[in-house]
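Residue numbers (the numbering used here), protein chains in the order written: chain A, 1 to 322; chain B, 1 to 809.
By construction, these hints were calculated from the structure, which means they are not laboratory data.
There's no promise every hint is true.
Claimed, not checked - Straight-line distance between alpha carbons at most 25 Å, and here's what the computed SDA-like set of lysine to any residue pairs gives:
id, chain 1, residue 1, chain 2, residue 2
1, A, Lys40, B, Pro677
2, A, Lys232, B, Lys740
3, B, Lys470, A, Glu283
4, A, Lys38, B, Lys470
As the list claims (entries may be wrong) - Partner residues aside, some chain B positions facing chain A, computed with beta carbon under 7 Å:
id, residue
5, Thr578
6, Arg581
7, Ala719
8, Ile723
9, Leu732
10, Tyr739
11, Asp746
12, Asp800
Cβ atoms here follow ideal geometry from the backbone N, Cα and C, with glycine treated the same way.
Residue strings, one per chain:
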Amino acid sequence: MKNFAHINARSLDEAVTALQRYGKRAAIIAGGTDLLGKMKDEILPAYPEALVNIKTIPGLNLIEEKKGTLSIGALTRLEDIAIDARIIDGYPALAEAARRTASTHLREMGTIGGNICQDIRCWYYRNQNNRFACLRKGGGRCYAIDGDNRYHSIFGGSVEQGCYAVHPSDTAPALIALDATIKTSRRSIKAEDFFQVSVAKTTVLDDDEIVTEIQIPKPAGTSAFVKFALRKAIDFPIVNCAAMVTVSKKKVTAARICLNAVYVKPYRATAAEDAMKGKAINEANAEAAGAAAVSGARPMPYNAYMVQIAKTMVKRAILGCA
Amino acid sequence: MNKDDRERIIAPEHTLRADKYPLEDYSAIGRRGVRRKDGYEKATGYAVYTTDVQLPGQLMLRILTCPYPHARIKSMDTSKAAALPGVRALLRYDDPELPERADVSGHFGGGTEGHEPVLNRVGYWQGMPMAVAVAADTEDIANEALGLVEIDWEERPFNLDQEEALKPGAPLSNPESFPDGNFVIPAQQREAKVVWGNPDEGFKEADRIIEWRMRKDKENWVGPERPNGLFRWNGEYPEVWLKHQRPHLSKRQIARFFKIPVSQVTVHCLYQGGTFGGWSQMALNMQPNMIAGILSKRTGKPVKWQFTRREDFCGAGMDNARYQVKVGFKNDGVITAVAATSCFARKGFAHLGHFVENTRVHHLLQESNGAVLNIMPGSAFRCEQNMNALCLGAVLNRVAEALEMDPTEVALKNDGVEGRPMADLADLKRAHGFGGDRDSLKECIEVGKKAIEWGGKWHLPGTKRLPNGKLHGMGFTFTHEWSDSSGSGALGMRIERDDGSARILAQRCDNGCAAETAYCQIAADELGFRYEDVHYRQFEEAGFTTMTPDSSTNLTVNGYAIRNAARQLRQKILEIATTPRIPERPDMGYYPPFPDYKPEDLDIKDGVVYVKKDPSKRMTMAELVRPAFFMGKMDIGSTEPLFAWGWQNQQGAFMGTPGPRPIFVRQAHFVEVEVDPETGDIEVTKVVNANDVGKAVNPEGVEGQQYGGSVMGISRARAEDTIYCPATGVVLNGNLIDYKINTMLDCGPIDTIIIETGMGYGPYGSVGIGEDVATVLPSAYYAAVHNAIGAWVDMPTTPDRVLKALGRL
């Protein structure tokens, strides 16, 4: 690893100032579980010259519930979210998503803010020593298209140029299903608008913008999160899914369903939501909703199996809300 | 000393027959709860591994790795790299000091592997270390320098798949060494076609014949300690720290390479950090050491090298193979003939050997094809018997399926040795010195079935859906228990003067679970000492060859060496204890405690020497060997040093080599799975290992191998595969996130059962277990998955393959 400046920001303003000073040559570090791996593997063409450490900013590590809103500081560690009784009881999709993220060690380091800001997953993009100059690195092509794409997008490439990487966060779909709002140093953004499909970035954040808090309204219905991965102890999802379903008189009145690891950003399964409206939560209806969720899937040569799994995950997330 | 005594004490035991001299009583041997000799060091982090060694002023060496699967360097400019501050030396492929080709293979020391250029101008697989090496003050500087090397590459067409590579018109994978085509007789086979009996006859005898194709993909070894080494010159002669299972062979290679006497090479061998056969087997194993040696000499500084995890992933993998198998069998389950053609990526391990070694099937045809490919070389880790075990397990279970029989019954019907049924082999067992009454496979199957509740749970394939919607499967396989490679072990043993404890002096042999502890258990019982009074002292320099040449055997060879040394030492102790006194100088030197007895009148137990007929006449070892006062001033040793050495030479058991050993010990494995038909996920809910290890010297060590082997076995069957990009030939999952090594959580509860029939050829009737479980278990898992879904799924059984087999894709 090469040398870099390490700036301990004492306040949000200080962090923002440092980010403005370095521009694109800086990176924000909190838990560092994604960033340090990227740096050690030298997957990017250039190293950040400075890391702006935001762990030193007070007040960003908290879990509070008041006036019907749950506030989680951006620096709250995933493990703290996974074991918080208020979240387990009131926001089970988020608690479960945090619990299923990575391994115990990583959850003890990684933060919720970092988890939603993490970089995409693609074994061409992340191949060591910047082996593939792909679209995201300013190159001319996405190597996954002609290569082995068993862990890539089943819903097509990013809009502009066709990056087929996937967004791997477990907490992101839970936050979208729970209709969370992401507060930053500058503004508030709905969770589902927070992510983007650009080949340059995974979120809509500006270079000098920092996530400070996540706010989740008291869920009207029940929520659930399911994840399919190849290993239990530690793994990124092949597919995950979060759902929040509101039921009245045994009929679904509202549903928010979000898949992840299937597209460049979390994939809101609106077709599945529509399919459930007015229906009871049962095996047949959930199955049909699952089928609806993947009706627009366009799998690549190696990842048709992910469609079947995605369909199942949607179904199980819905049934988990019963 | 008469002939029998001589044979008993000095000559190595004959390894083609049962142990002639087992003990009557065991105290330390087989005892549970003994404190592991390496336990404290390893648990606290004080154990020193090669990667821990740092020398003052050392440089870090990095070698360029080929970015392409097949490419030649047209031109290379290293001037910018050489000029980078901190770069101390640089070695290019065209350096005049480099020989055209040299023995850098590691495994065979110049045997069957071809010699290679030390730094090749052509890369034959992505990740191959080649062309240029840099030694610099830090690893970062060396890496930066490699980045400054300007290379004009000529990319060549490449082959990733053996069947494609053998088609007419396929490009040459290695035109320099294999200009006539990609076909090779696999490196591990003497001949492409091996026949036992008369396969045509065997198929004629059959009531039914079935055929199928199957494959096993390429897994990676992933040792916890990455490949590394350290080389320095002390004046004219080198001193080398090697992470290696066979350092005594590497020492010879270093001597040959640098044209210096072997006696002047010092090689240190420390703890191993998990080898599993892997690194020591790799094609260019000694390459970085030789380069480090050259650059250490030029710079006058120690040179250390260490591969990155990703580079390690590109080094070598277990051979992937495709098989076409044909089996003939009777309606009662007796197999009459097996013919199997394999297509390997060059290396090509045997695949029907286990039928010879532990079945009654005497008509066999094994055909091995190999192809030179542009993927990492094949290697042997977790034992190359995997192919043999897979074919045996697949045949057994396919026949059971075809006849709708319980596979354990098919196994018992076909159990045997070299074409003879086990039921007829009592005489052969006796001829080899064993009792002849016990039937190892029957015992393994009996206890294993009970542990997994086979009776109530086994069903015909694809017929049981659980209340949770999952498909339930039970799998079984068996084969023999082995520790059958040839080799020798040598070591020393001495008595500590002050406290009378014993020390084994031997090269560190950190293979397997608790090997050094097990040696101490043997020494304790043979000497008559308490286990706590026997210690293992690493004789760090590679000299005592306690690692057998291919590392496949450890305790079964070295256990004899320990015993030979201990018996001699015990005899010496008793002789010294009974030395006549020197009447004229009772005040000087040693004062023998039992002058009026002969050695045979005495015995040693719990470290106390006593007269057998009158145990009240006794003396502790510490008292016996204590230093004497000499002239009232100095503590000195006044007897000869109590030292002995032992060795053992084991003949191999491979069929076709002189003196094969019919193997009577067996292992049986059982796996229970639940398959999720909607996702293709396979959950292993129970594993049972029943291993007849003959005699368990260290039962926890045996169980350690069963637990570790089970996790490895499930992992390689369920998930592991080194994935190459079909378009670019680059390894895509060369890291521990994308390469899906399974963990304990993916394995379900593991029930370890030890069976002790005493029918091993090792000391006390023991036989090895280290390679066995991880190698054999995959076949049981393979069968369990089939039993659940009613279709065969190639390993690794990834969700896409399972869903396809279920008709969901």
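For each hint, the structure was consulted:
1. As the CA atoms of Lys40/A and Pro677/B are separated by approximately 39 Å, the hinted pair breaks the 25 Å bound.
2. Of the supplied pair hints, the one linking Lys232/A and Lys740/B holds, its CA atoms being roughly 11 Å apart against a limit of 25 Å.
3. Our distance criterion of 25 Å between C-alpha atoms is met by Lys470/B and Glu283/A, whose separation comes to about 15 Å.
4. Between the alpha carbons of Lys38/A and Lys470/B the distance comes to roughly 39 Å, so the proposed pair goes past 25 Å and is violated.
5. Because the beta carbon of Thr578/B sits about 61 Å from the nearest beta carbon in chain A, more than 7 Å, this interface hint is broken.
6. Hint status for Arg581/B relative to chain A: violated, with the closest Cβ pair at about 67 Å, above 7 Å.
7. At a threshold of 7 Å, the smallest CB-CB gap from Ala719/B to chain A is about 6 Å, leaving the interface hint in force.
8. Nearest Cβ of chain A to the Cβ of Ile723/B: about 6 Å, under the 7 Å cut. The hint holds.
9. The restraint placing Leu732/B at the interface with chain A holds, with a minimum CB-CB distance near 4 Å, inside the 7 Å limit.
10. The beta carbon of Tyr739/B is not positioned within 7 Å of any beta carbon in chain A (closest approach about 10 Å), and the interface hint is therefore violated.
11. About 6 Å separates the beta-carbon of Asp746/B from the nearest beta-carbon of chain A, less than 7 Å, and the hint is met.
12. About 4 Å separates the beta-carbon of Asp800/B from the nearest beta-carbon of chain A, less than 7 Å, and the hint is met.
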